[in-house]
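*Asks:* So you can see what is in the structure, the chains are spelled out below.
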Amino acid sequence: MSRDLKKRLRAAGLWVTTFVLMVIMCVPGLWVVLSGFRPNREILAKPPVWVPEELTLSNFGKIFGFGAEQVAIPVLSYFWNSMVIAMTSTLIALIIGMAGGYAFARFRFRFKNAWFLGLMLFRAVPGIALSLPVFMLWSRLGLIDTQMGLIIVYVSLNVPFTIWLIDGFFRQIPMSLSEAAQVDGCTRWQAFWKIEFPLARSGIAAAGVFAFLTSWNEFALASQLTRSTDSKTLPVGLMDFTAQFTIDWAGMCAMAVIIIVPALILTFLVQKHLIAGLTFGGVKG
Amino acid sequence: MPKLTMKAMLATALVPLMAMPAVAADYGDFSGYTLRVKLIGGAQYEPLYAEISKWEEMTGATVEILSRKNHFELDREIKQDIAAGTLDWCVGSNHTSFAPQYGSIYTDLSAIVSEETLAGFVPLVLEHGTVDGRLVQLPRHSDVSNLFYIKSLYEDAENQAGFKAEYGYDLMPPETWAQVKDQAMFFANPPDFFGTQFVGKDEAITGRFYEMLVAEGGALFSDDWEPTFNSEAGVRALSFFVDLYKAGAVPVGVPNYLWDDTGLGFASGTVAMNLDWGGWSAFFNDPANSKVAGDIGLIRAPKGSAGIRTGWSGSHTFSVTESCDNKEAAASFVTFLTDYDRQMVEARKGLLPTRGQVWDDAKAEFSASGNDFLVTVFETYQASMAEDAFTPPLIPEWIEVSNALWPKLQAAMVGDMTPQEALDEAAEEALLVMEDAGYR
Amino acid sequence: MNPARPVMRAAPPNDGFVTPVTRFFKRNQTALTPVLLLSPALLTMLFVVAIPLAFSLYTSLTPYRLTRPESIEIFVGARNYMRLLSNDDFWEAFLRTILFLAIALNVEFVLGLGIALLINKITWGQRTLRTIMMFPMMFSPILVGFQFKFIFNDNIGILNNALQSLGITDRAIPWLVDGKLAMFSIIFAEVWMSTSVFAILLLAGLFAMPRDPLEAAKVDGCNAWQTFRHITLPFIMPFAFIAMTIRSLDVARAYDIVAVMTDGGPAGRTELLWTMIARVGYENARMGQANAMAYISTILSIAFTYYFFTKLVAARRYMGGAE
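Residue numbers (the working numbering), protein chains in the order written: chain P, 2 to 286; chain L, -5 to 434; chain W, 3 to 325.
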């Protein structure tokens, strides 16, 4: 057996092992996805039905109000709200976070650690403690049940986190690079934009994914600050499947699929960007 | 808003025409008005909301549904509204157990709903909707404890013989809770099959304990609001749950069960008897959801040792806020949602109506279409509602007392404390709650 | 070696190479620029967190009840806090929350590191694997709660069904009821949801890692463990601490999970500070008292955060970043 083949086999073995491990890790989630395509009667059965006897789209049909007597769940509005809120808040958080992260990574100023710590302290307040005061403030400002209201909250949820991550990545980039660029006649802004930003892109992409997923999935505050289809997001919409005494678990799973798929696609796309950001780093030697 | 003007114009044009066939009801004319409402959401409640457009057509008003959530979420939202002073809506879904907490935010409906309309409702249900002498809610449908059981188990000759040999009396659907206990132990074969089950946490278990306490001859409070549930009757009531749990006659997970768990459990065909709400009947009898469809019996809740049936009851209702800017429109709306035709719509879905006339007519309809099961349901329900039903104390502190009580009930169940210790501790906490609230 | 991925290398050292240009920047801009750059972040936090926080601090000094708005005007000083001092249930929940945090964070770190190291070795199809790895992050905490509530259901849950079908047990295991198992179950759900966060952050750290020290270590004859222990680990520690801190802040998200799965029960065996605060604040409507609890839980979070932060600073100093 040639050395090369051995190496390849080992790589393949490693890949398969990792893949299997990852899939095992995902099983509880895959069960949810699969349940979205099965009737309630089969999912929560005893004795259990392991091999699905029936795969159906009727759970999705019900959500959209086809055929069944159930009033459609306004999933399109939820989806739209979720998209707008998650995208906008991510973008704003990234801009604010980049500015802040750059400040922490590149500048010396007094009480820097205290400032840093201060930002964290803000974030340390449990959402449950914040929900009522924020609600009262928001209601005074007319921000209840608006997309803007949630966007502002999510920006503040994500900013400390984004600053941290981006700060960490800027630190990885030697200061001398931008200094060298400045020697070559760039302004500091140009140096940032042309040298440091592309290098920190992977960090920014990661922060972006995190911010997006946090906003996309957040429930506790959204359930307090939203009221109607004007601002209700997908996770809040999940509660439409719970009534006083019942939970339509199959329906909830179908809705979960609707929530998960876009997030998964986005993550997959940004994965590429993450790699590109790293590949781009032409700092050889 | 072009949509609104269109609708208003259309409505004004149509109102005279529409009013003709719907002779009995005149819901008034509120053209151009937008009524803001907060409703309970969930599959079994939705068919009623599909009717709202009819009211809009008749009155020319527009209904804006601000939120549609389950009751616990809605409760939180309403409390936030009270706190923030954002009660800028008119009609809200309510529940007899929750209503007393909200103080005076809801208006007295007896002032704005005609006596004629109120006369159509079952008097006891209206009484349950009254807080501090004010009728703050109009009942939509009610719930009362009823016992579901799997019929074939009781018809099986082997079971009958085996049970008689072991317990010395005939196997029949239970009349007392002592019999339930015997039968539950008899049927139980954990982990595959269970004699019965109960909800085990939150207000649900408090309610179950409370009705058992009453059935055992106890009371939650003395006349001057001292907690008295740690009496002998209380210990007997709690021991019932503890004994069943320890004997494995109920699923081992019950301390974590809520209504959905017991409902799905009974539907899965692994539980012999299930004390639950009549409103589940349609679900249990639907082969798409339930394995026991077509094999269900339903009886009134059994009696405790004091000869009283466990008749915990509550009603889903609608309330009108005191701050509403058009109480007339709001009153018209809640009257519409609880009128004869609307209750028939809900009754056909198996929800239990609050108008006497609807009981009879729905029953007639079921028996004409050969739906014997729903006929039984409605008969059982009618009897329970007329004779057995009682609500928890209609005081704002009910939920708080419940939160002091249920963790201790669980502690007794899982064996951390004896029933007496558990109830003593809970009584101490409940006493604090009542003192803080100024009752003592 | 990893031929598929061009690596980032540290630039040659040029400390001491200070030009007039850089000196100019250092003298005039450094004072103002960071303030300017940070101000949007500070303003946001002030608006969304600091102001509401001041309000809730005030309410924690009143007997404020949600359903009686006028009760906010009664000032009772530290009474709510004094009551908490003698409240055993509260301190039990407090300690349980610490236990929950400590176990969850450590398990997540170890598992996340393992996954990151494994995936870092993969040369082909890594993007797909990384996406799969992040799959649990797509789940809203509320969904994770329902999901594990059904998985761990003793009667019709798939876990017990599976165990019974495989003949491992013939009992219904009370996952959500037994004292230890219930804690295990909620920690499991939390770990399932959040391990990916650690994994992806640590993987990002591994990617940013310069190759030179690794190669130098090889030349010096270090074995795989030594290289990992002395080169890789110190390098990714800042990332680990960032992840730790972020998670310790964000771990209150677990409220959604626990509220759905057990709501603190049975008999308070899984009661965490957050479930207690929610019940007292909203169900009992005693916001004053709930906010006092919330303040103590905030202090707990701060303590955790502070701990990890000092670790982070130390790790950074080790790496020689700006301070």
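It is worth saying that the hints were derived from the structure and are not from the lab.
There's no promise every hint is true.
[To be verified] Here are a few chain L residues that face chain P, going by a calculated C-beta distance under 10 angstroms: (1) K32; (2) G35; (3) R62; (4) R70; (5) T222; (6) E226; (7) G257; (8) A282.
All C-beta atoms in this analysis are idealised placements derived from N, C-alpha and C, irrespective of residue type, glycine included.
*Asks:* Hint by hint, which ones does this structure get wrong, listed from lowest number up?
*Replies:* When the structure is compared with the hints, numbers 5, 6 turn out to be violated.
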